[in-house]
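Fit chain V to the supplied structure of chain G, relying on the hints for placement.
The chain contents come next:
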Amino acid sequence: MATSTMPAVGDQLPAFSTRITRETLVRYAGASGDFNPIHFSAYHAERLGLPGVIAHGMLTLATALRAVTDWAEDPARVINCFTRFTKPVLVPDDDDGAELTVTGKITKLVDDIATVQLDVRCGEDKVLGMATAEVRVG
Amino acid sequence: MIDESHAGRSYPPTEPYQVTAVKIAEFAAAIGDHNPAYGGDAPIAPPTFAAVIAGRAWEALWDDEELGLQLRRIVHGDQRISFRRPLRAGDTVTATLTIDKVRTRGAVDMINSSVLLATVDGEEVGTASSTFLHNREED
Numbered sequence: 001m002a003t004s005t006m007p008a009v010g011d012q013l014p015a016f017s018t019r020i021t022r023e024t025l026v027r028y029a030g031a032s033g034d035f036n037p038i039h040f041s042a043y044h045a046e047r048l049g050l051p052g053v054i055a056h057g058m059l060t061l062a063t064a065l066r067a068v069t070d071w072a073e074d075p076a077r078v079i080n081c082f083t084r085f086t087k088p089v090l091v092p093d094d095d096d097g098a099e100l101t102v103t104g105k106i107t108k109l110v111d112d113i114a115t116v117q118l119d120v121r122c123g124e125d126k127v128l129g130m131a132t133a134e135v136r137v138g
Numbered sequence: 001m002i003d004e005s006h007a008g009r010s011y012p013p014t015e016p017y018q019v020t021a022v023k024i025a026e027f028a029a030a031i032g033d034h035n036p037a038y039g040g041d042a043p044i045a046p047p048t049f050a051a052v053i054a055g056r057a058w059e060a061l062w063d064d065e066e067l068g069l070q071l072r073r074i075v076h077g078d079q080r081i082s083f084r085r086p087l088r089a090g091d092t093v094t095a096t097l098t099i100d101k102v103r104t105r106g107a108v109d110m111i112n113s114s115v116l117l118a119t120v121d122g123e124e125v126g127t128a129s130s131t132f133l134h135n136r137e138e139d
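Here the protein sequences come in this chain order: G and V.
Quick note: the first sequence, position 79, residue 79 per the working numbering, numbers continuous.
Quick note: the second sequence, position 86, residue 86 per the working numbering, numbers continuous.
So here's chain G without its partners, still in its complex pose (with noise of 0.2 Å):
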């Protein structure tokens, strides 16, 4: 967050974009004791009717909190979020992985909490619906 400046509704937060392969998903199940099989085995995941492994939606809501987190600089202004899993991040069994592209913007203002609305897309598709974090910036 710019020091001296306070942040004004539609402000844009910087974007940037980051790749989510297997080796990532294996280590946020261990890193997290997230174990659901759906996301390292395809065996499991289509069973369940999904095309593939898809990747953790709690992995999906850490990388878009990181635009927060990275603008806000020190994550302790996050008080609150929240988001919808909408569609599912397949994280095909390559080197590539799936590329995940985060974008944000100051929605609204009330006295020193701001409101991020997030967009959280793989590829052209929009994987997280209505997430949004709440920032101290007071």
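Heads up, a few of these hints could be off.
As the list claims (entries may be wrong) - Restricting the straight-line Cα-Cα distance to at most 30 Å, the calculated cross-link-like pairs of lysine-lysine (DSS-like) are:
#, chain 1, residue 1, chain 2, residue 2
1, G, K87, G, K105
2, G, K87, G, K108
3, G, K126, G, K105
4, G, K108, G, K126
5, V, K23, G, K108
6, V, K101, G, K87
As the list claims (entries may be wrong) - Which bits of chain V does chain G cover? Going by a derived footprint, with three or more residues having C-beta under 8 Å, they are:
#, segment
7, 30 to 36
8, 44 to 50
9, 69 to 83
Keep in mind that the hints were calculated from the coordinates and are not lab data.
A quick note: this is a predicted structure, and the numbers were derived from the prediction, not measured.
Quick reminder that beta carbons are idealized off the backbone N, C-alpha and C, glycines included.
Just chain V now, with coordinates in the frame of chain G:
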């Protein structure tokens, strides 16, 4: 099988979870986040670390035989996390889950749950509220 009558059911707090600097560093690396606040002498945890602890309470849902849920048939629908303050290395935290609402549409159970995170000293740290979609096994 889970149904509307299970709304309001609460489970005992999870065993106390000790938030450590090593675990925070491991988690931050797993989400590819190198914010300096997650390292150093007094690290705080990334916001979604709350799900690591809440996840221990979610297990009560999968383990409750009366509900008939299977983890491999669960998809995460939505998630909210609200904080009074960030989780910090040194915190010892329990997670207490309540089933808020259950709806069934066809073969899909929609389960709203909330998990209160509190230190063993009784300080409320935050709440993780989730919707889980459970795809019932076809007969």
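Outcome of the hint check:
1. G:K87 with G:K105: 21 Å, holds
2. G:K87 with G:K108: The hint holds at about 26 Å.
3. G:K126 with G:K105: Since the Cα atoms of G:K126 and G:K105 sit roughly 16 Å apart, the hinted pair holds (cutoff 30 Å).
4. G:K108 with G:K126: 22 Å, holds
5. V:K23 with G:K108: Distance ~34 Å between V:K23 and G:K108 Cα, so the pair is violated.
6. V:K101 with G:K87: Measuring from Cα to Cα gives roughly 23 Å; hence the hint holds.
7. 30 to 36: Satisfied; 5 residues make the cut.
8. 44 to 50: n = 4 at 8 Å, threshold three: holds.
9. 69 to 83: holds (count 13)
This entry does not satisfy hint 5, going by the numbered hints stated previously; all others are met.
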